[in-house]
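There are 2 protein chains.
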Amino acid sequence: MIRVVIIGSGNVAQHLIKAFAKSSIIEIVQAFSRNKENLTNLIDSSKIATDLNALIDADLYIISVSDNAIAEVSHQLKVENKLVVHTSGSIDMIDLDNKNPKGVFYPLQTFSKNAAVNFDVIPICLEAENIEDYKLLETVAKSISDKVFNINSNQRKALHVSAVFVNNFVNHLYKIGNDICKENNIPFEILQPLIQETANKITSLSPNEAQTGPAKRNDSQTINSHLQFLTDENQKEIYKILTKSIIDNGKKL
Amino acid sequence: MIRVVIIGSGNVAQHLIKAFAKSSIIEIVQAFSRNKENLTNLIDSSKIATDLNALIDADLYIISVSDNAIAEVSHQLKVENKLVVHTSGSIDMIDLDNKNPKGVFYPLQTFSKNAAVNFDVIPICLEAENIEDYKLLETVAKSISDKVFNINSNQRKALHVSAVFVNNFVNHLYKIGNDICKENNIPFEILQPLIQETANKITSLSPNEAQTGPAKRNDSQTINSHLQFLTDENQKEIYKILTKSIIDNGKKL
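The listed protein sequences derive, respectively, from chains A and B.
The first sequence begins at 1 in the UniProt record's numbering and counts up one residue at a time.
The second sequence begins at 1 in the UniProt record's numbering and counts up one residue at a time.
To be clear, the hints were calculated from the coordinates, so they are not data collected in a lab.
Please note that the accuracy of each hint is not assured.
A pair counts as met if it fits within one copy or between any two copies, since identical chains are not told apart.
Said to hold, decoys possible - Restricting the straight-line Cα-Cα distance to at most 30 Å, the calculated cross-link-like pairs of lysine-lysine (DSS-like) are:
1) Lys-252 / Lys-82
2) Lys-251 / Lys-82
3) Lys-182 / Lys-244
4) Lys-99 / Lys-36
5) Lys-216 / Lys-147
6) Lys-182 / Lys-157
7) Lys-135 / Lys-18
8) Lys-47 / Lys-135
This one's a predicted model, so the numbers in the text were calculated from it and none came from an experiment.
Construct the entire structure; sequences and hints are all you get.
Shown next as structure tokens:
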């Protein structure tokens, strides 16, 4: 069994604990949480450490805390010459403390505390300083997911920026659609099938091939009529710049 | 049987012909296409008219042509005192010619010629000048879809603007994510589960509840690092205004 210590008790840490519990090759020997109650429904109370100095021996230490605490936590660890990884999309591997070999174990997904997650299909992006450690991470990752990728820190940063566009910003566009519907007494459920189809379409077409709409057709009459309809300044600006970007993209082809 | 004439041979017209063919209460008595070959694989050749003056008697005439041709086609129709509807999200009902009772039969979906469509789950938005005509449209719509809504022209305009945000603009954000991945040799498939999860999440949470990311947390360090990473001017502007809009929205709550 590969002995793993999980440091942290947030969404990602909790989902990892659940996924590892199902793996036949991983033993979670300990989890760290300043507040024991965060983890008591997931792991035996005797395995929860509330003091970073009390961590026991393991093959792999996974730091899954907020981005701005990762470097500090890696510095505070008393273990040495053990593989230490973080789970963040936006922190460089080299930001981890030098006393331990470093790596990254980044599951690319949006985790909510209560929503169930099927880890099989969640891509896990791995990075390590040396090949032995990479192989260990790969074994661990493949025991919970079918989609494991070797992604260096530069690529991970690009991936994180992309994820902001296709997740955070997309969700905000859903919110704007929802707001416009509300103001006009239209049930938002009318838009749900379109939203699902938009996401499904790009599994068989490239986003470029899938593009439709007034901006793609450079239909200035419809575009102007929509801009007149919008009264919220942010909505207007978002409409303008996305329309410009779609039109500019058409010119490049 | 309700006798229907379809005028047009584009994506929406073709998908309607296929859906109506499966309905037990609708008979497509004729379809109009300037170019007969557009429809010969969907409907018996003898039922295809290539001359607008040759349309036969029916209960319902559905004009499914490009937005800027709808008014002109309704004007050219020789039939009188027959229910004539269009299928557009952005054209007012009153733009149809006055010699016939008017209505709208708007299936809210993004149609691609080759992608198969399950009409059962596509919302159909209906409008009519009088209640008798509305009931006819409702009967026709319910024979092909489980989701039928009464939506007036003002609401349909709001819906169309919303659809631009949640479909056209969302797809363009997918494209930007794809472009950033390509430039950094990252397979776009890594982002697919995140894209699907983002769309699925709002079937159980409101978009407002589902929002995550650096803008939602007002994490200026990550935001600035992402803006430094981006080199394309349009991408930078899109990042800035969407971030501003998410932050402003947080202040309102």
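Here is what the structure says about each hint:
| no. | hint | verdict |
| --- | --- | --- |
| 1 | Lys-252 / Lys-82 | neither (50 Å within a copy, 47 Å between copies) |
| 2 | Lys-251 / Lys-82 | neither (53 Å within a copy, 44 Å between copies) |
| 3 | Lys-182 / Lys-244 | both (27 Å within a copy, 22 Å between copies) |
| 4 | Lys-99 / Lys-36 | within (28 Å within a copy, 75 Å between copies) |
| 5 | Lys-216 / Lys-147 | between (34 Å within a copy, 28 Å between copies) |
| 6 | Lys-182 / Lys-157 | between (36 Å within a copy, 13 Å between copies) |
| 7 | Lys-135 / Lys-18 | within (22 Å within a copy, 53 Å between copies) |
| 8 | Lys-47 / Lys-135 | within (26 Å within a copy, 66 Å between copies) |
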